[in-house]
Amino acid sequence: MYKYDHLDNTLVRERAAQFRGQVARRISGELSEDEFKPLRLRNGLYLQLHSYMLRVAIPYGLLSSSQMRALARIARRYDRGYGHFTTRQNIQFNWVSLENTAEILDDLAAVEMHAIQTSGNCIRNTTTDQFAGVAADEIEDPRPWAEIIRQWSTLHPEFSFLPRKFKIAINGAPNDRAAIAVHDIGLSMLRGPNGETGFTVWVGGGLGRTPMLAKPIRDFLPGADLLSYLEAILRVFNIEGRRDNLYKSRIKILVSALGIDRFRDLVEAEWAHIRDSALRLEGREIARIRARFALPPYDANVDSGPFAAKRFEDAAFARWSAANLFPHKQPGHAAVTVSLKPVGGIPGDMTADRMDALADLADEYSHGEIRVTHRQNLVLAHVRQDRLFDLWRALDSLELATPNLMRVTDIIACPGLDFCGLATARSIPVAQRLSARLAEIDERHDLGELTINISGCINSCAHHHVAHIGILGLEKAGAESYQVTLGGSSAKDASIGKIIGRGFGADEIVAAIETIIVTWLELRHDGERFLDSLRRVGQTPFRDALYGQDSRTE
Amino acid sequence: MARMVITANRLRDGAVVWRSAAGNWSPNITTAAIHATGEQLTAGLAAALADEKSGRVIGVHEVEIETRGGQILPTRLRERVRADGPTVSFA
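Chain order of the listed sequences is D and L. If you use the numbering used here, the first sequence corresponds to residues 1 to 554, in order. If you use the numbering used here, the second sequence corresponds to residues 1 to 91, in order.
For the record, the hints were derived by calculation from the structure and aren't laboratory data. C-beta atoms are modelled at their ideal positions from N, C-alpha and C, and glycine is treated no differently. It cannot be assumed that every hint is accurate.
Unchecked claim - Calculated from the model, a selection of chain D residues having no Cβ within reach of chain L, i.e. all distances over 10 Å:
{"hint": "1", "residue": "Arg80"}
{"hint": "2", "residue": "Lys248"}
{"hint": "3", "residue": "Leu258"}
{"hint": "4", "residue": "Asp390"}
{"hint": "5", "residue": "Asp418"}
Claimed, not checked - Computed footprint of chain L on chain D, listed as stretches where at least three residues anywhere in the stretch have a Cβ under 8 Å from a Cβ of chain L:
{"hint": "6", "stretch": "45-55"}
{"hint": "7", "stretch": "473-483"}
Sequences are here, hints too, so could you generate the full structure?
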């Protein structure tokens, strides 16, 4: 994986020292909160309901085992013994104090980590496919390109005060596992006519109160031109994007207002000026970064026999294997998803003890590497098939082997009103109750792929618009009210879910979701996914089941 | 006027605090001064904002409450969660 060079190391250490001085000036009263707030946000430090929260960057979700152990130490020493993995493949510590933050940044810098640009109106952590580099269906490993974007966007002076935050995702396979359609910029890798690396560029996707799917702005962008083209898009956004209204300042609003063709014209005109500038990526530089993502040495002669035999002998192992393993490009290996969604648990939370234990397992089974997924799970990407059974038993003893990837209990939930200053309703308790109830139904009926995402406010941190079943928590007349959307997807068949009808109270929402699923089971074709049934029959049967047929005339 | 208490977060650690009649900031809502008139609230907020300016606390705001059995209960869920902590046990 990528190793910091002298420049990277200097940058993160200087940044920690700089923030130490800023905190001291804030506490002494030299800086007001208005002056200090943009500085702390640039270092990932939010004030939430009960405490400060520090969001630590995990570039494209990639961690070494020693970095995971450092996160565990931080969780124990400065927090309450746990951390929370997020949909941006980052980690948040919910209970840190202002006074300790500079020390935490020092500890992070010591393991080549930081919290730079995890908040604020700048370019955020570039996310990617959690199976990057190992996926059997991959065109090319997107991580070197994500790293190139990281280096270009870190402390980019021109883009430090954008109209609004800016999120880029990059996917290296035909199957989209990075939700590129709902990003400010989505990059989808492909090969050009001569086998060269390129990207299809999408722009103007996003969620929040105005959900939109990204539109194609360029069918083929040569890899060498990646940074100049990104810079052209950002420059047009920086100049033309609205700054008068927080809710209309994302690039999706600009693209929608201008129309994609006019927006493209502006970008191409800008690009013509800078295409042949120093931003052009030389083959040698691309090769230098690529070399840092060399795959570990695999054993070419792994015997898959024991894996097959154990699946036959042990039903629980077979079930986990079917749900949580992903095909690997190296024969005899698998990418393993470590579920952070125990039935009835808090999505994405992990104790320091489990972080340490998983770091040990990463060393033993997966070349010391861990990935964070945008679904709030973890991945061990390089596991020999003949060792899967031993790994599964170890994960199971840590309660990290719930066999539920992309299933109904693999719920994405934001922190919601239990922690977040922006939230209008709680997310976590709803996720916990749903998980406990739906686990039973899944056990009986094998629901297959069915995603449920729960956001505690319209900012949509849990991406509820692109879940098969989305839940949005609002405050209505002083009480929590949960609005349900059906039919969203963030995959290759991306779509925005549609609201089914009036919202449900906190004591009604679990039963409402159960009604939707029971209704589906009655009309499901054999083996059909919920999303496919819904696309086949439409919303009416579900609306009738929830509100009665009389509601059709309302 | 609905009865109000005044709250903020402590600057150094972000902890939720409530302002007492004596002008202290405590993590315990039971110590909060209850303001029953507009004049009381205005005076309380002025003093609280002075504490914000001096850097003791941030995010000063008033919270509507009711009292039940001698307990102070914020009427909005958001403020009840601030007063009592998360409604879930974590990790």
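Going through the hints against the structure:
1. The claim that D:Arg80 is not at the interface with chain L is violated, since a C-beta of that chain comes within 10 Å of its own (minimum 7 Å).
2. Listed as a non-interface residue, D:Lys248 keeps its Cβ farther than 10 Å from every Cβ of chain L; the least gap is roughly 26 Å.
3. Interface exclusion of D:Leu258 from chain L stands, the closest Cβ pair being 38 Å apart, more than 10 Å.
4. Every CB of chain L lies more than 10 Å from the CB of D:Asp390, the least distance being 26 Å, so the non-interface label holds.
5. A Cβ of chain L approaches the Cβ of D:Asp418 within 10 Å, the least distance being about 4 Å, so the stated non-interface status is violated.
6. Only residues whose C-beta sits within less than 8 Å of a C-beta in chain L count toward coverage, and the stretch 45-55 of chain D has 6 of them, enough to reach three; the restraint holds.
7. Requiring three or more residues with a Cβ within less than 8 Å of a Cβ of chain L, the coverage given for the stretch 473-483 of chain D holds, as 4 such residues are present.
In summary, the numbered hints that this structure violates are 1, 5.
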